[in-house]
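One-letter residues, chain by chain:
Number of protein chains: 2
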Amino acid sequence: MDINPQRVLDRLEELAGIGALEGGGVQRLAFSDEDLAGRDWVQSRLEALGLEVRIDAVGNLFGVLDPGAEGGTGAIMFGSHTDTVGRAGRLDGALGVIAALEVLEVIVASDWRPARPLILASFVNEEGVRFMPDMMGSLFHVGDLDVSKVAAARDSDGILVADEFDRLSYAGTDSIDDLQVDTFLELHIEQGPVLESNGCDVGVVTGVQGLSWFEVTVEGASNHAGTTPMDLRRDAGAVANDLGHRLRGLPSEIENLRLTIGAMRWQPNLVNVIPDRVVFTIDVRHPDSHRLAEAEGRIEALLLAAHHPANGCSVTWHSLARVEPCVFASRVVDAVSAATSDLNLSGHRMISGAGHDAQILSRRYDAGMIFIPSRNGISHHPDEYSTDEQILDGCRVLLRAVLHLAAYPAGGHHSPQN
Amino acid sequence: MDINPQRVLDRLEELAGIGALEGGGVQRLAFSDEDLAGRDWVQSRLEALGLEVRIDAVGNLFGVLDPGAEGGTGAIMFGSHTDTVGRAGRLDGALGVIAALEVLEVIVASDWRPARPLILASFVNEEGVRFMPDMMGSLFHVGDLDVSKVAAARDSDGILVADEFDRLSYAGTDSIDDLQVDTFLELHIEQGPVLESNGCDVGVVTGVQGLSWFEVTVEGASNHAGTTPMDLRRDAGAVANDLGHRLRGLPSEIENLRLTIGAMRWQPNLVNVIPDRVVFTIDVRHPDSHRLAEAEGRIEALLLAAHHPANGCSVTWHSLARVEPCVFASRVVDAVSAATSDLNLSGHRMISGAGHDAQILSRRYDAGMIFIPSRNGISHHPDEYSTDEQILDGCRVLLRAVLHLAAYPAGGHHSPQN
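Protein chains in written order, with the numbering used here: chain Y, 122 to 539; chain B, 122 to 539.
Extracted from the complex, chain Y is given alone in its bound form (with noise of 0.2 Å):
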């Protein structure tokens, strides 16, 4: 059993028509009208295979290779998403949606029957551009967020989800409980620079690094730059820089650790009147829970010491998100690293850097990760790239996989190679 290599790129051309945007690049933000004629087209693809389509009540779409009463419960589960950020690129999300949809065409085709039921599963919302949170339809599929929350959470311009799903008659009424998945892998592009760096064709993914987001106010008096005597300034800019610059040298001190200050906001930002208010956000990941924690206790550390008369500015923050680290089943790893090993391809253990779907299904079901390299580390970017071959690969190392995970019925937790 191989793929068809050419219904693959095919296909990915196909998607990225829907939402292509003038000047290059995607756009299918969450609940919007592109994005709902991107879970049509899956959907339209998924019917033509003769597969039961489920929608849950945010959006959620399965598709369903039920082998019937001999295949039991304990379902595969496989896919990714394919709502996307602002000018995004062609293959994040919608790979693993694609990938996943060609599993299904191959095994449909051939003579092999699965001993589960095998679920194509495209999440809506994860990115989390449009409608906060992200990894929306993942929290509420694993019973972390509430329907309520969903429905409620607003974008810029004060449209509510729920207002999308009345309009777009977005939401359905399907469960997929019955099925008792219990695993889920998900093919994505690597979305940074190590494997393209180190050479390997294939990341197998063991789990995905924690993560901590803080918004930090700094507050002080806005005065005239050239009459205001050095020693009487409140500047708020001045604690921002200096914050900036110490915050910058934890990672020489926790290894591994990542840090970024990707957004700053000065006010009023006028070349010739001291700043009286900046807000700047600290990015800060790990993947060992405790580390991350150490290094939260030293942000906020260094915070408070900058909240110190001397500066004459407060300095206030508070945490916009948290994600533990998650460490993958090893089961799935372990059917990942086989497939890459049978196919000849190299493949390389690593952390996700990224945050992911298959992040929220680890809480719920044995979950696992497949990457293939990105050109210059680039995604959410029309410049976002990775090679023909790498993309065919990914979708054969994803198709191995499945076959290792679902050649057994349930019960025993082992693929055969364990």
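Worth flagging that the hints you see were computed from the coordinates, not collected in a lab.
Glycine included, C-beta positions come from ideal geometry on N, C-alpha and C.
Treat each hint with caution, since some may be false.
Claimed, not checked - Selected chain B positions facing chain Y (Cβ under 8 Å, derived; list incomplete):
(1) Gly383
(2) Trp387
(3) Ala475
Model the placement of chain B on the given structure of chain Y, informed by the hints.
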């Protein structure tokens, strides 16, 4: 001879009503309807006083009290401007013009006749908020800015000064060359905290510190905050924060240096994306020309050092503005000092931290300034405030200094106090 306190305070109130904003503050951006209304208001007061009004090719307004043949030339000019920044206070600029009006009211009503012509001046576009450069009217007046350059200045909506001249019939054709001005004096709020913190009534301004503005661009590469290892980053934000931290060390190394980073703009300014571009400004000021140049050299050395392959970022910069320090004429400074003493007010000799028309006019005339205290050093804001007593004291110092300066014909260049 004394001023009429109620008239001064009523007129400040009246002028503040032109361009008054909902919720407080005043806005008469240069070459707007409100700006013209402000100028018309001054013009009608001059006409009511029976003075000759002249308007030059960029709209500068002059009110001439010419003693006739016996007065000769060597005119004494005094005034300020009536344009404002966005959402300004009521004093900056307006005070100097209303005080000049009061001086002429008092003199016209008296038996005393000056030995030289007296000229109220209200210069256009001192603020430079809507159209660059600032101090446009005084730069034109001294011959350092061509009328064609003025006409070609464009605001952020693409409107030319020339368009506004046409629409508002703003410009005139008059000159005051025949009056051979040789002195300029300006009353202004301090816009800083020095007089208030010293408990002094009047600032006897001896000069204006020089100023140099830089715009710095740091360019790196935008990548995912979670997936990009620290050592593969080209983080423009990190370089900008480091530079901010280092640059702020300069004032502790060069005495009397004032350095401000007032504006900083991050791109793409997202919590989980490494910034690829940060643009920030540096405002540096010093009363001494050599020390200002030294500071500029130190700044450029720090910027050059940051433009280093180890940072992975390019750092480029250019000058936004540069004004040499100016030293006011001793005969004008002394007239202000003497007037302050005569009135039993406490004077403080000081350098102006902010730029003013007087510093431009000092290129051609003997110039000087009088400051009154600004509460909390606040200006360019609806909270800008000086007490009625401070305002009236400022007007009295201006009147008495003008009387000193205009008591003798031009030629000797000495006020009676020297």
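Hint by hint, here is what the structure shows:
For Gly383 of chain B, the interface hint holds, since its Cβ comes within 8 Å of a Cβ in chain Y; the closest pair sits about 5 Å apart. The beta carbon of Trp387 of chain B is positioned within 8 Å of a beta carbon in chain Y (closest approach about 5 Å), and the interface hint is therefore held. Restraint check, Ala475 of chain B versus chain Y: the minimum CB separation of about 4 Å is within 8 Å; hint holds.
Every hint from the earlier list agrees with this structure, and none is contradicted.
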